[in-house]
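Letter by letter, the chains look like this.
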Amino acid sequence: MAFPDSLILSADGTGSHPRFALLRRLLRRPSALCGLVLMAAILAMAVLAHPLYPDDPLDMVAAPFLHPGTDAAFPLGSDMLGRDLAAGIFHGARISLLIGVVAALVSLVIGIGIGALSGYYGGRIDAGLMRLTELFQTIPPFLFSLAIVAILQPSIATITGAIGITAWPGLARLVRAEVLKLRHSELVEASISLGASDARIILLHILPNVLAPIVVSASILVASAILSESSLAFLGLGDPNVVSWGGMVGAGREVIRTDWYVATIPGIAILAAVLALNLLGDGLNDALNRKGQRR
Amino acid sequence: MTANPPSAELATPDPLLSVRDLSVRFDTAEGPVHAVDGVSFDLKAGEILGLVGESGCGKSTLARAILRLVEPRAGSISLAGSDITHLSRRQLRGVRRQVQMVFQDPYSSLAPRWTVAELLTEPLVIHGVGDRAERRRHVGDLLDKVGLPADAAQRYPHEFSGGQRQRLGIARALALDPRLVVLDEPVSALDVSVQAQILNLLVELQRQSDIAFLFISHDLSVVEYLSDRVAVMYLGQIVEIADRDSLWRHPSHPYTRALLQAIPGNPPPSADDALKIEGDLPSPIAPPPGCRFHTRCPYAEQRCRIDNPALRTVAPGHQAACHLMRLS
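So the sequences go chain by chain: A and B.
Per the numbering used here, residue 225 is the first one in the first sequence, and the count goes up by one each step.
Per the numbering used here, residue 12 is the first one in the second sequence, and the count goes up by one each step.
Wrong hints could be hidden among the right ones.
[Claimed, not checked] Taking CB as the label site, the calculated pair distances span: (1) R424(A) - A207(B): 33 to 43 Å; (2) F37(B) - Q377(A): 49 to 59 Å; (3) A401(A) - K287(B): 11 to 21 Å; (4) Q361(A) - H169(B): 31 to 41 Å; (5) G460(A) - R143(B): 38 to 48 Å; (6) R348(A) - F37(B): 11 to 21 Å; (7) H169(B) - L276(A): 41 to 51 Å; (8) V203(B) - G347(A): 35 to 45 Å; (9) A423(A) - F37(B): 51 to 61 Å.
Keep in mind that the hints were calculated from the coordinates and are not lab data.
Computed from a predicted structure; not experimentally measured.
All C-beta atoms in this analysis are idealised placements derived from N, C-alpha and C, irrespective of residue type, glycine included.
Produce the complete structure using the sequences and hints provided.
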């Protein structure tokens, strides 16, 4: 028997994977490109911190209140204790990115886990998990992490954990809504009728299809974790053993009338990191939600 | 025209699929919907049973209940003599090898990011069938079976036309060598020219093995082409079930007669027999009392409004549910 329709394959017929198309679409957007470049610069700073400034950035190495540009050895000047601001910015990038990324990962694991179970199983499991989510949502996340860090003593681990376990409720609700949409789709029904286990259906069929909103909110989660960490450090609840952008702003606050740059320079670093991640998130959102475009 | 000439005998003692008094109810904000209400039928091995009815009559819900994708509220489903109505998800896994489903929408039922080879090996992976090489061979066989070129294996579903995708859906349903495939409106989303190709494919596949099909469609002409037996569903109930030729020549239920007359180029035998059905399907939330069809039936009498008729045998292998039918 002849099957003419089997001879007409796709228009391009190349079998190229949609994955590469995403990167191309992302790079075509100027704002996303800005975000990528900024982010790359901050990553480079984090990587170069040790090679360029092998000593502890908290060491007093210069005269105090050296304004930026006055000494070539200290391009960004020094603070009231004679600490090199440039070394602080480079090493601070490591801490900010580390805490931001790990805290976001903690939130992602909790948020995706709770959202997926809630949306997939529904019923009592959903009700229970959603009450838990609401409980977390009733407490302002920053105050919650503040309380946790204050009780547990500030260290990189406690700060990361405190930010991570307070930031997930929004993501959980988002994932739940997306999973709910797919739960009764033919895609999932087809998998059930093949005999697939729940874990297989959730991990292989549902989550890959809700990846787009998750990726977008992940970049925003990293940005807000960096902000939270900076705020905690600004309030004196940073890890005392490491340099942090927020802590630098907090220290410079007292001398802002006479020596504005001490607080302003790390402030700009925070701004750049958060802006970069937000631009990236926006770009990903546009690139992943190609409404009105051909498949 | 079809693979097996319709047999005149009644259901064998041990049918492949046996559905008894099956009911499915959904609770909605407006009240419970009786999507399937006391449906019984048998399906023999190697038989094609067509299930027809208007949109919203419960055909798809019935199919999903048989696959245990929705939970039946009452009644039983038996597969090859064993009751599967109350098996747990885990216990059902063995059953799933024997009953597979082809869905209406070949776009949404195939994972978009998976290659055809991945899609077709998934059932084998889930059930631990074969090793890597055997699975790859199996994919080649399946593609050949459904008339797709072997190089389709490395492509993604979005590279195929609707008809080709439905072939993929059929190939996946056949991957585990099931004894029964439930096809839920498999050609409704396709162009008419492509529909015929898919129907031919199904006939051919059925001819090669003793696989049974439960073929669901709202299109009587499609069902006529394919089925050995036909069941007509109205508002959650089967109103007539018969061998295809018997149903076509002697439709006993007024609804069946109206459906048959509605096929273009299929005029009523005489002006007296011309039937006109008006109005819409009544709401399954508040189905009419008595015979479900009385609100649209031109022959309805007093007892039709009170008493819901049961299926009665009109001829060997031919049952209908109407108070007024002429028993032969």
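Numbers of unmet hints, in rising order: 3, 5, 9
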